[in-house]
Structures are given as structure tokens and as C-alpha cells.
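Novice: Keeping their order, the protein sequence lines are chains A and B. Start counting the first sequence at -17; every next residue gets the next number (the working numbering). Start counting the second sequence at 10; every next residue gets the next number (the working numbering).
A short list of chain B residues far from chain A (calculated; beta carbon distances all over 12 Å):
| # | residue |
| --- | --- |
| 1 | Ser24 |
| 2 | Leu49 |
| 3 | Arg57 |
| 4 | Ile184 |
| 5 | Asp217 |
| 6 | Ser227 |
| 7 | Phe238 |
| 8 | Tyr265 |
Restricting the straight-line Cα-Cα distance to at most 25 Å, the calculated cross-link-like pairs of lysine-lysine (DSS-like) are:
| # | chain 1 | residue 1 | chain 2 | residue 2 |
| --- | --- | --- | --- | --- |
| 9 | B | Lys223 | B | Lys119 |
| 10 | A | Lys7 | B | Lys223 |
| 11 | B | Lys119 | A | Lys7 |
If you only want the chain B side, here are some residues facing chain A, beta carbon under 7 Å, derived:
| # | residue |
| --- | --- |
| 12 | Ala118 |
| 13 | Phe120 |
| 14 | Pro121 |
| 15 | Val126 |
| 16 | Leu130 |
| 17 | Val132 |
| 18 | Ser144 |
| 19 | Tyr152 |
| 20 | Tyr153 |
| 21 | Ile155 |
| 22 | Arg158 |
No lab work stands behind these hints, which were simulated from the structure alone. For every residue, glycine included, the Cβ atom is placed at its ideal position computed from N, Cα and C.
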Amino acid sequence: MAILQTKPETREGNRRKANMARNGKTAILTTVGFAVAIMFLLPYIRMMFTAVTPADEVYKIPATIFHQVLSGRTS
Amino acid sequence: MAILDSAKPRKREKSLWKRFLAGPLPWITPMLLLIFGIVLWPVYEMVRTSTLDIGGSGAVRGSAGFANYLELFENPNLAGAVSRTFFWVVSVVAITIFISLFLAQLLNAKFPGRRFVRYALIVPWAASVIMTATSFRWMLDGYYGIINRILGDLGLIEEPIEWLGNADTSFPWLIVVAVFVSLPFTTFVILAGLQTIPTEVYEAARVDGSTSRKTYFSITLPLLRNSLFIASVINLINVFNQFPIIWVMTGGGPGYTTDTTTTLMYKLAFRSQDIGVSASLSVVNFLIVLVFVLIYIRASGFGRKED
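Okay, chain A solo, but in the shape it has when bound (with noise of 0.2 Å):
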């Protein structure tokens, strides 16, 4: 009797606040993702990257964060 005593908008409101909630959890959930499989990549990125870096460049202090093969300089 209640469910149908309630207002059609009211319903609405209730329906548009589960799919907001769902998909605010589903961002969530993918961000978190994407950045765990980042990090669990990231060592292997790297070393591919050192992989094709000119020695000069590999041995520079302080280390170069993005190696120009990544940064698309030549010089």
C-alpha cells in the first residue's frame, strides 16, 4: 500500500539518487583500478623506456623523469 501511495517524482528521485550513487561507485572503483595497474606497471615501463635511452642520458644526475625517447626530443 505504501509503494503505492508514493509519488511518481518522488520514485524518480529515488531511482536518479541509485544510479548516481552506482555510477559514483563505479568511478571510483575504476580510478582505483587504473591506478593500481599503473603502479604494478610502472617498474616494467621504465626499464623499457632505460631500455632505449642513450647512456648519456640514463647516467645524467639528477635522473630524468621523462627520457627524451618519451619527451620526443632528439638532442
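We have chain A; now place chain B onto it with these hints.
Specialist: The following block gives chain B in isolation, referenced to the frame of chain A:
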């Protein structure tokens, strides 16, 4: 009558034995030979070597009795290595299991790109441990390492730190890398466990008004017991015997400050040329890991029937 009665079971036993010889034995013989050749014979050789007097060139000079064991227990680096090994195993396994529970839960949830995240998590498992350890060693280098650069840019350190240059900073980093390498396997074992839990159980809990926290601690965790047990025991053995991470990143140094019993064993055999003493340490190692696993099995109650 009494004689006839006692003869009956003996006859039955004999026929059982005959049936075993004619039935399962030929089928399990190759496996028994394999277990003997791969597991039992090396253990026997290890114990035998620990009682031999072996020269620096590898020549056997005769029996040494328990002299190798006495020499081992007089080694000033043994106590430190044993206590470090305990700390190493407990911390790596505990941290790995704790993080894996979160990661498995994340990978069990539905979100866009979940397959990519699952594949990414497999990479440290698929990659060689030597490669991962070398990569971390390079990133932690005091001069050319990226970690010093990032921490410096963030203002967290004022000058570069030689992370692997002293035990206070190198041992925690070894733990970090060991956890990093152990996470994929543990996470996937727990994830497999999570996927075996029927959804009806969660639906029933929801109908009963259980909160998500209560559901996790009263339903998910108890039903994950077997997966957690398998993950912990395999991790425990792997971490205890872990050699490449320590060897590549610090070589057990500076000095002996980051040695575990496994790296100390290697040093005794190939640096000090004490094969007998090294073999006696491997026997001790074998016994320690056996005790570790037995204690864990007893504590976890695995295999005990539910009332």
C-alpha cells in the same frame, strides 16, 4: 575355531596386498620414482653432505660427524640471519595477504577496464624476479635513481639517499619488492576463492539486514579460509626461500646486514668455500620451514572437520 578366526583377517590382508600389487602399484610406480628422485634423494644428499668434511676444491676428505653443525652454530652471522629471516617471512606474508584481500575484492567488482587491471596485475608474476629486482635496484640508485628525483621534487628529501647502502633503508625496500612480487599470485588465489562464494549467500545476508562490514567478516572471510590458507602456505615457503631479490638488490650486504639464511647459505658455500657448513645450514633451513608450515597448519585448523 579361534585359529580359524585369526587366519581369516590375515588371508584378507594378503589378498588386499596382492590386489594392490596387481592393481594401483604399477600405475603409481612412475610417480613414486619421481618423488624419490626429485624430493627424497636430494634431501638425503643434503643431509649426507652436511656430515662430510669437504675441502675448498670440493674434494671429500671423509666424515665430519656433527663438526659442520658446531661450526655453523659458532658462526657470528647466523643469529642475525635467522632473526632477520623470521622478520622477513612474517612481514612479507602478512603485508601481502592484507593487501591481496583488498586487491581481490577490487578485481571481483565490476567496472570498466577490469580486464586490463587484471592483466596488469599478472605482469610482476610473469616477469622474471631477477628483472623486477634489477629494475627496482636501478630506480633506487643513489645517483641515477628515479625515486630520489621524485622524492626530491616533492620536497620530501633534501639530498639523495643511498637507499640500498645501509640496512636501515635497504631491508624495508627488500620487503617492498618481495611484497610487490608476491601480490599477483596471492591476489589471484583469493580472487578464485571469492568467485566460488555463491551469490545466494549474500542475498540471504542482505534480506536479513546484514551490513556490508558484517557480511564481509561473517561470510566472505570465513568462506575464504581455504584460499587464504593455500595462499599463506605457498607464500610462506616462497618467501622463506627467496634468494634473487636479496641477492640482486643488496647481495646480503652491506656486510651481512640484509642476509637471510638462504643468502648466508650461498655465501658459506661459494664465498667461504665451506660446502659442509652450508649444507648443514640448508638442513637447518629445511627443518625451520617444516616447523613454520606445521605450526601454521595447526594454528589455522586446516583439515580439521567442522562440528
